[in-house]
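Chains W, F, B, A, C and U, in that order, are what the protein sequence lines are.
Quick note on numbering: the first sequence equals residues 1 to 304 in the working numbering.
Quick note on numbering: the second sequence equals residues 1001 to 1304 in the working numbering.
Quick note on numbering: the third sequence equals residues 2001 to 2304 in the working numbering.
Quick note on numbering: the fourth sequence equals residues 3001 to 3304 in the working numbering.
Quick note on numbering: the fifth sequence equals residues 4001 to 4304 in the working numbering.
Quick note on numbering: the sixth sequence equals residues 5001 to 5304 in the working numbering.
Hints in this document: simulated from the structure, not taken from any laboratory.
Accuracy of the hints is not assured; some may be wrong.
As the list claims (entries may be wrong) - Residues from chain U shown here face chain F by an in silico Cβ test under 10 Å; the list is partial:
| no. | residue |
| --- | --- |
| 1 | E5085 |
| 2 | L5192 |
| 3 | L5198 |
Unchecked claim - In silico BS3-like cross-links for lysine-lysine, where the CA-CA straight-line distance does not exceed 27 Å:
| no. | chain 1 | residue 1 | chain 2 | residue 2 |
| --- | --- | --- | --- | --- |
| 4 | C | K4018 | A | K3234 |
| 5 | B | K2106 | B | K2124 |
| 6 | C | K4162 | C | K4090 |
| 7 | W | K234 | B | K2234 |
In this text, a Cβ means the ideal position worked out from N, Cα and C, and glycines have one as well.
6 protein chains.
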Amino acid sequence: MYKQMVPFNNKPNEYYLKFTLKDATGEVAGRVWQGVFSLNDILRNDYPVRVRGSVVEFKGALQINVEEAQPVSPDEVDARDFIPEGPYSKEQLEKRLDGIIETLPKSPGLSFLRRVFNNESIRKDFLLWPAATSIHHNWLGGLAQHSIEVAEQCQFLAKSYKLSLSLVTVGALLHDIGKLKEYSFTGAAFTLTDEGRLNGHMQLGLEMLLPYLEELPPIERAQIKHIILSHHGKKEWGSPVVPQTPEAYAVFLADYTSSKLTRVATVLEGVTSGWTDYDRFLESSLFTGEIQDSQSGSLFDDLD
Amino acid sequence: MYKQMVPFNNKPNEYYLKFTLKDATGEVAGRVWQGVFSLNDILRNDYPVRVRGSVVEFKGALQINVEEAQPVSPDEVDARDFIPEGPYSKEQLEKRLDGIIETLPKSPGLSFLRRVFNNESIRKDFLLWPAATSIHHNWLGGLAQHSIEVAEQCQFLAKSYKLSLSLVTVGALLHDIGKLKEYSFTGAAFTLTDEGRLNGHMQLGLEMLLPYLEELPPIERAQIKHIILSHHGKKEWGSPVVPQTPEAYAVFLADYTSSKLTRVATVLEGVTSGWTDYDRFLESSLFTGEIQDSQSGSLFDDLD
Amino acid sequence: MYKQMVPFNNKPNEYYLKFTLKDATGEVAGRVWQGVFSLNDILRNDYPVRVRGSVVEFKGALQINVEEAQPVSPDEVDARDFIPEGPYSKEQLEKRLDGIIETLPKSPGLSFLRRVFNNESIRKDFLLWPAATSIHHNWLGGLAQHSIEVAEQCQFLAKSYKLSLSLVTVGALLHDIGKLKEYSFTGAAFTLTDEGRLNGHMQLGLEMLLPYLEELPPIERAQIKHIILSHHGKKEWGSPVVPQTPEAYAVFLADYTSSKLTRVATVLEGVTSGWTDYDRFLESSLFTGEIQDSQSGSLFDDLD
Amino acid sequence: MYKQMVPFNNKPNEYYLKFTLKDATGEVAGRVWQGVFSLNDILRNDYPVRVRGSVVEFKGALQINVEEAQPVSPDEVDARDFIPEGPYSKEQLEKRLDGIIETLPKSPGLSFLRRVFNNESIRKDFLLWPAATSIHHNWLGGLAQHSIEVAEQCQFLAKSYKLSLSLVTVGALLHDIGKLKEYSFTGAAFTLTDEGRLNGHMQLGLEMLLPYLEELPPIERAQIKHIILSHHGKKEWGSPVVPQTPEAYAVFLADYTSSKLTRVATVLEGVTSGWTDYDRFLESSLFTGEIQDSQSGSLFDDLD
Amino acid sequence: MYKQMVPFNNKPNEYYLKFTLKDATGEVAGRVWQGVFSLNDILRNDYPVRVRGSVVEFKGALQINVEEAQPVSPDEVDARDFIPEGPYSKEQLEKRLDGIIETLPKSPGLSFLRRVFNNESIRKDFLLWPAATSIHHNWLGGLAQHSIEVAEQCQFLAKSYKLSLSLVTVGALLHDIGKLKEYSFTGAAFTLTDEGRLNGHMQLGLEMLLPYLEELPPIERAQIKHIILSHHGKKEWGSPVVPQTPEAYAVFLADYTSSKLTRVATVLEGVTSGWTDYDRFLESSLFTGEIQDSQSGSLFDDLD
Amino acid sequence: MYKQMVPFNNKPNEYYLKFTLKDATGEVAGRVWQGVFSLNDILRNDYPVRVRGSVVEFKGALQINVEEAQPVSPDEVDARDFIPEGPYSKEQLEKRLDGIIETLPKSPGLSFLRRVFNNESIRKDFLLWPAATSIHHNWLGGLAQHSIEVAEQCQFLAKSYKLSLSLVTVGALLHDIGKLKEYSFTGAAFTLTDEGRLNGHMQLGLEMLLPYLEELPPIERAQIKHIILSHHGKKEWGSPVVPQTPEAYAVFLADYTSSKLTRVATVLEGVTSGWTDYDRFLESSLFTGEIQDSQSGSLFDDLD
């Protein structure tokens, strides 16, 4: 159970714990009155716990007075119990992923992708991980959803612009693969790892792929690595090299488009009229448009 | 005929004219030895002329000694005689344009688009004009091609993100409509107009659309204008307002993607291996990839 | 009456309303204990209301327990009851405005300005509106005061630099005219309109002027529009085109000067010695200088 | 005489000198065939010389074959023989300068200014120096003209905004005084000094004023120095401190306005229709407007 | 004693004072119940006071009810009673300073430094002052420590790169000398002076040195001033001129290095594992590394 | 032999080759009159060739009419024949490198460095390679010289600031190791590789080190990789992550210092008085200082 903890003093050297226990279904206030120091070590932010105690009513709301608590291993936990799910199920995402791969023409790119995603651990995490801890796609399956959106958009762009279909698909599906090592799953949350903060997801992703890249010729290896390293598009946006191939440009542009439009949708969620609050990532508020009477045939509520 | 003219002095107050006559098929050197001052007024840069004279060989190349010249009205001229054509014919572009419009669901957006493109002058120019005088889509039909690419990409994005299909299509097809007034056709070239330089294509496009916008409710009018005004995405990129609706974001992102990928294709054109020259618009060189033997089944030349 | 409202829970599903009623003379705390939900709809932020209730003393201050409230139409309200007045009366501003216009030499610029300001609605609003909702000139008559300051400064500059007196006066008086549509008057406050946020005051101003511009030749029309569009001076400051005529430069520079010096005066207001707080618009604190004994003839208190 | 020199080789170790001799009336080609090495030392770029030789015609133009040359001391030279004069004579500038000073109310600021400009050397150079070696006011008397323009505009601004008239006048007249040491006069040109490049005109100006500042109280001294140090307005524009008093803001804004509008006038000079070339300082081209028939009473040619 | 004061209202026009008294040993809460207005003038933020009153216990903590207070002159106060001391004693710093100076080869630079630091007032303040009021070296002796670090690093760099040892040492030791006038000592704190905010420490430092510089030749004077003026390295970082000599580059780079590494050490202080909080000056968090078992011979705990 | 080649047309379809042959001792003009097309393939820019032909005098200079040419393998070539040597011999650099390593205390960092530099190929190339193809340290041995300078400066900084000596030394010596793969040696020049342009030297360096890093614990591995990835200091300067440990800061700062001061020395080389030309990397000119008479004991020529 996800929680926060606030020490509070009453008399000198006397404390109780005040916190909130959260899971995917909601949250409840909690207190510890006895054994404060030992329970303080067990009730860690972002880590799951199993608690025992009594439920009381306080100021009209329920509250748990926790008496015992044990830490829970991430392996015992279903992430769906703690983290919001995204709009697509694991099965839907897996089907779209395999659809993208298997409709590729026969090519080294196709077999490279098959080898990567035949690794059961990569496949499983790829379908579970969020794409961010905030900003966009920060829900279960977010990484797969975002990568699939980028791949589908790149394949759409490949029809209008001269791109290698297999190279751009490889780059799109794997551009953020390093996020599997940038975040770790505590059982109750995805948190940044030390490695993630020190080395970044581009570098971590490249290292994950090195064993799979070895079978390719050097120049093709360099091009796949190039897409991953350049996918933020500009040095000031965090890429050590800028895009220098058509496929690297396509992945950068589709990634930029996916992250912006997903953030737009997230900011608008639940706001039904007028203007949203200022959003720091988009650097503006958003306008919801007006709600239209469907009978009058307005411009933006298309009829059929 | 497209031309440049260089005055050249021999003795004090004696000149001849040295220039190049260009059309879509090629160019030839030209000279004027008699009547220099009166012909100087007729042979204007970027304006078509009809000339009479004699053809001679000079340093192994042909040269026209021009004796007479008359200016030619733009109306007498077929732009295709002077300006490179793009990859699609007028008929292909018109078919795609009408396809995009006519597959829209019945809505005020659909009838708005029909009214705009039923204006014969708008329709004709829209299919002829380039999208730029340099950088990207600077060929006949470039404006239509670019606008259609943006519209098709926006409609693709509308499947993944919650966008009004008719609003985003209206915005995508018309975001650059002001270029019809930003450039004028001299008969031999498209050149920036005074109005275009003073007011910009966003403002000029809005004014063109005002009569058509009047039939829409105020808030929907404001949203269409918003897409046009915000389509450069950022103030420092030339938009007086930043995108604040999902549809404005989609048009900005698709416009950004289309302009970058078209520039990438233009820079790579005719370069078959290694690296291109540095490109000022992209701020880098581009890598062509290696030429692959199609038998060996390389990564980037997909087999079928 | 201007107000804010804060819901407060006592027991589940029981609320009272806590707010502040403001007008130009001061503010008083208010509460609603009965009919909370229906009064909640009437007591809207930034909108005027007429209330009936009882006045009590609470913690040493007066408080109104509101029992009834009716919304008030903006037309019934005198803005001066709610919004701080600026340093000049409507009459003073009108006299300066007409003075600037009527001392112009006879020219199409003069008759253009007369036509615009003979529109009673434009004239009335122009003399009432603030120039901003914050930062500078955010008081009644602020728009007229700012526009007049800019025009007077431009006319001063026209003596030293070669400027068209009538063009620069037209541009200076009308550069912010779109603010009449960027803000609307609720009766108790000026608030940003949807149109204002989506299209900006430059675009809205241009559209207001289009009927008046039609009588001018195209190139003069383009130059007036150019001044309005370029008056922020740089793309990153919000102008889609940069100044490209002497008159556009003059209006930009006078607007920049007026907004900075007015902000400086506002920040210093009421601070009599030492340093002001940090100001986000000016990005610094300001120094007041020392208070000088007027007898000693200090440098900065000029004697006469 | 102003000149450039180009060594040119014919045979190994044989040279002649090829250069241009310039003064305010025009220029003529020059050659040295004998005594190349010794004359090379005398004919220095930007330094005046007195030459003797024969004039010949070459390719239809005159040319001087220089046989003897002597360097000329700056003191023997009238700068007006080499450097273009500005629009105002020394007498006109001096009269305006004294007018500004002498109409100040009696105050320590007035006596400070009198003391500075009673220094004959400062007064003489101030009326002679240009304000720049390029960009704006780069003619004889340019420094005085620019400083006077800034002072007059500041006095105009002092009527609308609360400024100390004497402080702002002191700051405006002296903000660029360090240019007297940033440039030195060679006799034929104004060139940057080592001190000017290493320390900048703000620092050099402050040091010139220190003896005069000593008689003022510390806080007033600091405010005058503050105006000089902050008159570029922003750190990235070269000011080590940003403006923090109303008078410092006024001098920065008037300086900015004067430099931009003077550059605008310079760029437009001699261009009678259409567009000027791109200007690197203004970062744009300028539009001249259309030439109007004065009979028709156009907008921008005011009638009287 | 360092303190803060908060007025608090009980009844209309009745106040008590609530504040904190601080010195280098700790802090204690304080109150004034009688004579509020006169004591309010004496108990000034950042100024030392001597108080008399009674000590009571309130909510488990001590509190002083102040009955009398007198202001204390800075001269009566030992700064070490109020301000944290740095890692080196005055004696240690003085020894290192003199060591740097006295090991210089005999040169005008050496005698210049001796003359400056033989001024007893400069020497005393130089060894006492902090280098900043926040960010880095903000403790007693911080200015000397920072200047010595910069000088030692410059002398190290002089071994690898061709630098004048005496010039770079002069510049390094004196680059921040103006801080002696940018901050003043109130007796209880170092606070920014009006002069410091209006003119900056570069300008104030130059003026302090002018009498000492007079004995040097002009070009050497200009080079020392150049180092001081350019030591922030870039215009946007606050230098009116950029470094243009090897010695100016060395001082800029050593100053940049010293300020960053000292800030890094300050941010890490007291954090023993994991990540520090976000630091605004460094624009990131810092990683502490892992605590290693010294027996195992880890990479970063070097053995000996 | 280093060369450039310029095709030149005389008659249609007839060409000769015009080029310059260069080696470390100088250059000579060359021509090919026969077998132009086959020799064109052999005489490649930046690649060494062995030529046979006749030497003639043309316009007072020697010229080689090349009749035969064979390409030469890089292995047959001594780089010193084509590329300028730096200030230190291979032996001197190797001694300093080993000195730095072997004076480290016994630690995993020491054994890591030994393992890397015991690889004969790495050691040999490290001592031969330049640090850049332009800007700074672009001579033989430049990479080793630069890396050693950075390491020595970091070890100096470790005395004043709390740094792990072995970690900072590892990071300093290896921060640019990827340049061994970013440039390749053609036999006559060092040129950017495709891999280098697509992936950058940070990424290529990390991959070279992966086999050596495997023996270290994960967190120490991450810290070494962090230093390499962050050594450009800022995202806009090309680092995908910013420095987040003291050692990463030290390597960034020493690298910044070394590159700036080496560029300063290079720009000043051979300029003995006055000012250098504008340098694009430093964004300024440099001042040489004045040449001083050593007898007079000037400030900047230290006496001993």
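Hint-by-hint comparison with the structure:
1. E5085: This interface hint is violated because 29 Å lies over the 10 Å limit.
2. L5192: holds (9 Å)
3. L5198: With Cβ-Cβ at 6 Å, under 10 Å, it holds.
4. C/K4018 to A/K3234: violated (41 Å)
5. B/K2106 to B/K2124: This hinted pair holds, its Cα atoms lying about 25 Å apart.
6. C/K4162 to C/K4090: Violated - the C-alpha atoms of C/K4090 and C/K4162 are around 33 Å apart, more than 27 Å.
7. W/K234 to B/K2234: Distance ~23 Å between W/K234 and B/K2234 Cα, so the pair holds.
The structure does not agree with the numbered hints 1, 4 and 6 stated previously, though it agrees with the rest.
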